[in-house]
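Asks: If you want the building blocks of each chain, they are given just below.
Number of protein chains: 4
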Amino acid sequence: MSQDTLNIALLGHRFMGRAHSNAWLQSTHFFDPKLKPVLKVACGRDEADLQAFADRWGWEEIETDWKKVIARDDIDVIDIALPTFMHAEVTIAAAEAGKHIFCEKPFANTLEESEAMLAAAKKAGVVHYVNHNYRRCPAVFLAKQMIDEGALGEIYHWRGAYQQSWLVNKDHPIDWKLKRKLAAAGPLWDLGSHAIDLAHFIVGSDFKNLTCQSKNFVTQRPLAESPEQIADVEVECAALMMGEFKNGALASIETTRYATGRRNRHTFEIYGSKGSLSWDMEDMNRLKYFNQDDPEKAVGWRDILATERCHDYVKNWWPPGHIIGYEHTFVHAVVDFIDAVADGTSLFPDFSDGAKITRVLEAALESAESGARVNL
Amino acid sequence: MSQDTLNIALLGHRFMGRAHSNAWLQSTHFFDPKLKPVLKVACGRDEADLQAFADRWGWEEIETDWKKVIARDDIDVIDIALPTFMHAEVTIAAAEAGKHIFCEKPFANTLEESEAMLAAAKKAGVVHYVNHNYRRCPAVFLAKQMIDEGALGEIYHWRGAYQQSWLVNKDHPIDWKLKRKLAAAGPLWDLGSHAIDLAHFIVGSDFKNLTCQSKNFVTQRPLAESPEQIADVEVECAALMMGEFKNGALASIETTRYATGRRNRHTFEIYGSKGSLSWDMEDMNRLKYFNQDDPEKAVGWRDILATERCHDYVKNWWPPGHIIGYEHTFVHAVVDFIDAVADGTSLFPDFSDGAKITRVLEAALESAESGARVNL
Amino acid sequence: MSQDTLNIALLGHRFMGRAHSNAWLQSTHFFDPKLKPVLKVACGRDEADLQAFADRWGWEEIETDWKKVIARDDIDVIDIALPTFMHAEVTIAAAEAGKHIFCEKPFANTLEESEAMLAAAKKAGVVHYVNHNYRRCPAVFLAKQMIDEGALGEIYHWRGAYQQSWLVNKDHPIDWKLKRKLAAAGPLWDLGSHAIDLAHFIVGSDFKNLTCQSKNFVTQRPLAESPEQIADVEVECAALMMGEFKNGALASIETTRYATGRRNRHTFEIYGSKGSLSWDMEDMNRLKYFNQDDPEKAVGWRDILATERCHDYVKNWWPPGHIIGYEHTFVHAVVDFIDAVADGTSLFPDFSDGAKITRVLEAALESAESGARVNL
Amino acid sequence: MSQDTLNIALLGHRFMGRAHSNAWLQSTHFFDPKLKPVLKVACGRDEADLQAFADRWGWEEIETDWKKVIARDDIDVIDIALPTFMHAEVTIAAAEAGKHIFCEKPFANTLEESEAMLAAAKKAGVVHYVNHNYRRCPAVFLAKQMIDEGALGEIYHWRGAYQQSWLVNKDHPIDWKLKRKLAAAGPLWDLGSHAIDLAHFIVGSDFKNLTCQSKNFVTQRPLAESPEQIADVEVECAALMMGEFKNGALASIETTRYATGRRNRHTFEIYGSKGSLSWDMEDMNRLKYFNQDDPEKAVGWRDILATERCHDYVKNWWPPGHIIGYEHTFVHAVVDFIDAVADGTSLFPDFSDGAKITRVLEAALESAESGARVNL
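Protein chains in written order, with our numbering: chain A, 13 to 388; chain B, 13 to 388; chain C, 13 to 388; chain D, 13 to 388.
Isolated chain A, as found in the complex (with noise of 0.2 Å):
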């Protein structure tokens, strides 16, 4: 890379494309990161609408093929917002190119990809990372290090769920999310992997085993392409999943697209000897703290607006009681990982993290077909 700068590659250039090109230019108007991000180039194969979205972001030029933009000397960074089944591919490539990797959630579509990924990355002594973006919601950043410090003493239960609406409307055609071969699976897959992520780095520990049930409320759905025509749905509409984790803490994680009134719900409720706390992504700058050692009288539930001075990352973005949004999650992600590359340290989740939530999901796929609780 050039001496202060970092040149980024994008790949993919949809919803996560648009939260990607964002975060790279937010990060040096609110944080410093240590190297300035160049949007060197946007990858697509629509190249139309490739241009226009170039132009919109400020990338610098345009690429139809992949294959050559992982070639380029002048990419330092690979950022992949491509559907999940083209993870493997891509990301290999990249990490034997020596790029460093951004990679968007679900890590990979088979626990052999995840395991493929993160051999080629460590090999290449690469950054990489997994975007699962929400562990840098101040919020939950700040329950991560409440309970670092001991808030919650001995934790006892994991309560979470992700739940959405939008295929509540029967009219919602199959995309490539109602796809196995596209999406691997469902809500499981697409909300699952971020609740297990979330799960893992709140509570600090690992599964031990899992139950998982799925359900598939809507079995056919007329095509995107030609709506006359019905087609299967060929993933599960929602899945429940029930554990233990290592450190002893029971958990129920709940993913579904069937919740009526919940757009983007995602939640945890954790318990512990000392404390507790909850979350939720539609409140997402509030975080609910129970303190067990308040005075007696003056015990409940508090609602901490995590905008404060000292709460990380939300410090640089406005003063206290000024709220932030669903992007800015993005930001933090993006300045962290500049500041990793710089350093030559890691950054978490990193693909040992995808593996493992892929491991999980495998599990929990396994549990819901035989019915019978897995070991992990």
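Since the hints were made in silico from the structure, they are not lab data. Don't take every hint at face value.
Identical copies look the same in the list; a pair holds intra-copy or inter-copy alike.
Claimed, not checked - In silico DSS-like pairs for lysine-lysine, Cα to Cα no more than 30 Å straight-line:
| no. | residue 1 | residue 2 |
| --- | --- | --- |
| 1 | K309 | K189 |
| 2 | K182 | K286 |
| 3 | K156 | K286 |
| 4 | K327 | K309 |
| 5 | K227 | K258 |
| 6 | K191 | K258 |
| 7 | K80 | K46 |
| 8 | K46 | K309 |
Take the given structure of chain A and dock chains B, C and D to it, following the hints.
Replies: Relative to chain A, chains B, C and D alone:
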């Protein structure tokens, strides 16, 4: 029974004895039941305590032998507020004596007991009721009405929990609730019986299958009678369930005595194709409602304060906006019980509901042991 | 009075008659007052209604002439649940007869009446109490305790409101509450008396000055007795106040019957140099608390569910997490009243508080008229 | 201006300089304004700071003399992020130079200044805008739309407040915001200008009269530059207002910097004959709505998460359920401003709104002094 009165005998005079006594007394103050309950006799083992209790609540007589109570001709109703392990013997005797039975929950310690109790009550042709009082919380009753009227459409998800925290205190001694022989199980029985009944009632369907996982966080505790001695906790500390209803809905239910900061959080979320509802006993007067058919611009979770004049039960108390509390649910149950006796009708939940719940709980125990899904 | 009992006469048998009857009865069920109240006689004008009322609640006798009631030697307490305009005459007669007085609010229609009532009670040496029952809502009582213990430091702001909505319905007829002669004023008197008392109690200071602005949104309504006839609404529809307390705190108080969606929202926010509190009667079991001294990282509004064993009044009812309702506040008042009689002590708010409130309300009326700030 | 671009000059580079710079940059990323803003020149007095600021945000040039900036032919827009006392001089000069003006609030320190500013802008025929950015918070904008569509019917009450707490810390030094000459007043001006604008916007009516009461809780503070010296606080610590709108609605508005636990609580409740709304900036993505016409059984306050695809402004950001933050309101204002310039239309709130607000604030100052109601 005498012309317009209903003679009650209460067995048990602790926590539930108070709640039941209050209910019989308040029934005629705020409602107009078809018969006037007469507090004839209170029965218990500790004569001094019992007399004080009877004086406080206006029970005409006391008796220390429950068999004598059941043998009395002038008693119409046996109100059972005893520990669960006594339910079967007492209930069957009461039924055989032709008494109507108002029975506290959990219904029984085993399915075998449950079925014998049900058979006895059916054979005797008496009114038999299991006191899952939460059904008659006005907000819960409203939920049921709305679902029956189609407000939710096809039901996709039940996400329930009954969380308490009284065992977070490690000094809490072993009492009868922690002994398997007396209590059958831990929160699975005590809280889970309520949680399962609520699911049955609101979802309007039975379990097709379920899986359960339980855990002992604290395995030894001091004895109540001699705190310097330590004994084993014989029942689980927490139990998680997930499963499927016969109508196709997925369910998860969590029961625990280790949810720091939750005192009596009996809660559910229910999601359907046309709307959703949620409720929490700690905020028992409110029902949250999401109506998928609201104008898109103004769609949102509605906070229904169930104190309007059209809301059943609560309309008998105070004007809108004046909330009621925990014990009122017992009053509602008693009023309906009296009318069922007067009318010769059934009252739900009855002993067949009690038996059905026990069957689910036994399946959960079996699954917790085996780790496998159990069909019902 | 006889040795251990306290003989009660109730004047009035409508809404407040029910609440008071219930309170006398429940007082000995859940508490241990020093004397046992005996429901001697209920007094009212409609003999048939009155008899049904007495039968329901267990009043031993009925009487249609309140003067006869007051003249009885066997009555210890006159419980006044009459319209406000009758308070002065009845109260003064009761005091002169040496009866202890439990008087509903609003205390009186004029300051002149108030002072005469206070003088009579003082001269008679009886226990005199004005039933601002919200003081004995456990969460409110807790607020007072916390402030007395210094939790708020110097007080800066009181932001109160008492909002109802029953007049939003334009068909609501004119009843006594809308006639100046009978009700003195509109929500200023009915709701404002409660709101002012709560401010006095919690802030612990008196008004130094205030300004008031009132408004008639709907000036004519049908007569209750002949709905085809229209008559003038004689009292204000809403009244806003602001002012300063003698301790330097600023106050705003809003009273209205036109707050659509608010049924009985009696609420306050109080801000001090060390912390803040807020409360709302529609969620009466909860007190919100912000502690400025919490660690910066974990600072936040705490949601205290005032049902812990250390919380006064509520501890007599049920275990933590089991909420109580509206009528319980009356029970608490009655219990304290009985003990004050037994002990020969004062009970607050007493008639001097009642007179002080009336003085504030009269100043508000004056300011609403003149548009100028009034010193108190 | 050049064909498709709009050349911007920013005066001021502190807090608001950041917010404005971000808004100009983000406007083309998430929206499609009719012209592309070009960040031409940033102007300030501290050259080193200014250069760092310009580098961070991509301003092409810097300048320390605002008069030179206004004199430049290539500048289309003067964006004023200066302290209020400078607004009049700069604004009038900018108008005279034919520049479009995007002016931060508070608009001006006096009504006299306000009227001169308005006259200059009108005479010049430029687009003139005062940045009360809260109008373009999606939930607020939705409130306005709903009211315009009749959701509230006749409006009875506006209950507003803008509460902060940064002066609760007694060590906070005297800065320009506490000096009368520079800031005109305390929270009345700083927060009250926003609060009054919001009332004007949402209620859709002007004040007919008002009364104000203000207070100094802390009268002396250390000087920022030499903390061992103490100086007088020259502005009020808190100011309460109440009044009536021309449409008959009552209003109360509270502004303070001493509301412990409130960081940036800009909030309102509005009650009408058909419904009610409430909002709080600390939870800015949500609008609470009570619809009087909901079925009685299901009536309740609705929690509208204003992130649906039909909600203006927010639909350009992320899918439903993904919230936005504080700075987004500035982006929305900038986008509308650019389009107003492109279309030659007015943009609200404009300088006549600014002047109207100043008139209300001056009346409040007068009333706070006199204690009397002031007609407007």
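Asks: Next, verify each hint and record whether it holds.
Replies: Right, here's what the structure says about each hint:
Only between protomers do K309 and K189 lie at most 30 Å apart by alpha-carbon distance; the minimum there is 27 Å, versus 50 Å within a single protomer. Taking the shortest Cα distances, K182 and K286 sit within 30 Å of each other only across copies (11 Å), while inside one copy they are farther apart (45 Å). Taking the shortest alpha-carbon separations for K156 and K286, both the intra-copy value of 15 Å and the inter-copy value of 28 Å come in at or below 30 Å. Taking CA atoms no more than 30 Å apart as the test, K327 paired with K309 passes between copies only; the shortest distance there is 12 Å, against 33 Å inside one copy.
Taking the shortest alpha-carbon separations for K227 and K258, both the intra-copy value of 28 Å and the inter-copy value of 13 Å come in at or below 30 Å. Taking the closest pair of Cα atoms, K191 and K258 come within 30 Å of each other only across two copies (27 Å); inside a single copy the shortest separation is 33 Å, beyond that limit. Taking the closest pair of Cα atoms, K80 and K46 come within 30 Å of each other only inside a single copy of the chain (28 Å); across copies the shortest separation is 35 Å, beyond that limit. When the C-alpha separation of K46 and K309 is checked against a cutoff of 30 Å, the pair qualifies only between copies, where the shortest distance is 27 Å, while the shortest distance within a copy is 48 Å.
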